[in-house]
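Colleague: Chains as they are written, first to last, in numbering that gives the first Met the number 0: chain A, 0 to 182; chain B, 0 to 167.
Among the hints, a few may not be true.
[Unchecked claim] Below, in silico cross-link-like pairs of lysine-lysine (DSSO-like), each with a Cα-Cα straight-line distance of 27 Å or less:
id: 1; chain 1: B; residue 1: K67; chain 2: A; residue 2: K44
id: 2; chain 1: A; residue 1: K44; chain 2: B; residue 2: K9
id: 3; chain 1: B; residue 1: K141; chain 2: A; residue 2: K59
id: 4; chain 1: B; residue 1: K19; chain 2: A; residue 2: K50
id: 5; chain 1: A; residue 1: K17; chain 2: A; residue 2: K44
id: 6; chain 1: B; residue 1: K19; chain 2: A; residue 2: K25
id: 7; chain 1: B; residue 1: K67; chain 2: B; residue 2: K82
id: 8; chain 1: A; residue 1: K25; chain 2: A; residue 2: K74
id: 9; chain 1: A; residue 1: K17; chain 2: B; residue 2: K19
id: 10; chain 1: B; residue 1: K19; chain 2: A; residue 2: K44
id: 11; chain 1: A; residue 1: K17; chain 2: A; residue 2: K59
id: 12; chain 1: B; residue 1: K115; chain 2: B; residue 2: K141
id: 13; chain 1: B; residue 1: K141; chain 2: A; residue 2: K25
id: 14; chain 1: A; residue 1: K25; chain 2: A; residue 2: K50
id: 15; chain 1: B; residue 1: K23; chain 2: B; residue 2: K82
id: 16; chain 1: B; residue 1: K19; chain 2: A; residue 2: K74
id: 17; chain 1: B; residue 1: K23; chain 2: A; residue 2: K17
id: 18; chain 1: A; residue 1: K50; chain 2: B; residue 2: K9
id: 19; chain 1: A; residue 1: K59; chain 2: B; residue 2: K23
id: 20; chain 1: B; residue 1: K9; chain 2: A; residue 2: K25
id: 21; chain 1: B; residue 1: K23; chain 2: A; residue 2: K50
id: 22; chain 1: B; residue 1: K23; chain 2: A; residue 2: K74
id: 23; chain 1: B; residue 1: K9; chain 2: A; residue 2: K74
id: 24; chain 1: A; residue 1: K168; chain 2: B; residue 2: K9
[Claimed, not checked] Each pair of labels, with its calculated beta carbon distance range:
id: 25; chain 1: B; residue 1: I60; chain 2: A; residue 2: A89; range: 41 to 51 Å
id: 26; chain 1: B; residue 1: T58; chain 2: A; residue 2: S21; range: 35 to 45 Å
id: 27; chain 1: B; residue 1: G48; chain 2: A; residue 2: K173; range: 30 to 40 Å
id: 28; chain 1: B; residue 1: S26; chain 2: A; residue 2: N69; range: 45 to 55 Å
id: 29; chain 1: B; residue 1: A50; chain 2: A; residue 2: D46; range: 56 to 66 Å
id: 30; chain 1: A; residue 1: R43; chain 2: B; residue 2: T58; range: 22 to 32 Å
id: 31; chain 1: A; residue 1: F34; chain 2: B; residue 2: I60; range: 49 to 59 Å
id: 32; chain 1: B; residue 1: V30; chain 2: A; residue 2: K173; range: 49 to 59 Å
id: 33; chain 1: B; residue 1: I69; chain 2: A; residue 2: S21; range: 52 to 62 Å
id: 34; chain 1: A; residue 1: S10; chain 2: B; residue 2: I60; range: 27 to 37 Å
id: 35; chain 1: B; residue 1: G48; chain 2: A; residue 2: W117; range: 19 to 29 Å
[Unchecked claim] From the structure, some residues in chain B lie toward chain A, with a derived Cβ separation under 10 Å:
id: 36; residue: F6
id: 37; residue: L18
id: 38; residue: I21
Since the hints were made in silico from the structure, they are not lab data. A virtual CB, placed ideally from N, CA and C, is assigned to each residue, including glycine.
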Amino acid sequence: MDIHISEKTESALIVRIKNGDSQSYKILYDSYVVFLFRFLKQFRKSDSDVKELVQRAFIKAYEGLASFNNRSSFKTWLFTIALNEMRSDARRNSIIPFVDAEEIDEYVTVDEEEAFMWNSTLRTLFEQLDETKRIVFTLYEVEGYSHAEIADMLSIGESTSRTILTRAKQHLRKQLKETMRNI
Amino acid sequence: MIDPEQFYSKEDHPDSAALKSIWKGMSSRLVQFNKSPLFFFDRRSFVYGMAASFILLFTIIGMYTTVKQIAERSQPQEIKTDKAYQTAIQEFENIVHSPKNENVNSKKDDRSLQRKTRLTYLNGAIDELKEGLNSHDLSPLKRQRLIELYNLKLTLLQEMLQQGDIKL
């Protein structure tokens, strides 16, 4: 179902949609819906919650398309909207704060390029991380966004993004060691 | 970087039914860009628009009534009296068959015809005097004359009703 479209095609589609061809939005939807769904599935266990979030993100993206200026890709913009929606829900339901200020008060230097050999153990440990760490980790390590882009998407500082990622990795590494020791 | 295909499990991916239902749920809410606002219909906006129109209408009516009442209250006694007479005569004429429209040729008797002729003259005299007076003219003599004419007209109408020239 997912279609890969080039940057040029994406821009052309957006121009067509802005000119009144709303059917072209289906192509954008088909291109990015799976990416967004599987990303959001990391933070919401219920499929219906994820579906609802995906729907809201696509509708808001469409409604705001007139102000979309191609500064980022449509996918990045869509992810940003979805994350904002998730953040609004968290605020509305008084869930944990999106970024925990206590945890990001210092800059920690750890090799960001250190690769993780992804496996089922790490998956279990990943699910134990708090939401902010999971978001930054997934955006950086899986989706390939830079810290500058993540900072823009989450409305945080670039250094904050680095620190959150480092903390997440430290936590995963520590938990992995303990798990291995127990085995 | 972790390979997304390795990171995301099969359960993280939506099935085609889910994708269809998401699109179905949102496609109707995608309003076409550049669509002429004349042909654009949004139910929520329509309801809000109607509600706002009613509120505006009631506000205007309320304001008009208030201003009218204030204006009426601030009018001089002479004008209030004039209006009261006019209203009394008008209401009297409304509940009886209009004497103006009575068939003069029916001629019950000469007196009836005389009363009708007097009424015609009285109406003419009232109209003539009122033409010379604007609503803010407080000339006491003219006002007094007008009140006398109103009184005469009321008395005449009463007499015509009693004599059967006009019917309820």
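Colleague: Find the hints from earlier in the document that the structure breaks and name them by number, from lowest to highest.
Modeller: Numbers 1, 3, 5, 13, 15, 27, 28, 29, 30, 34 and 35, in rising order.
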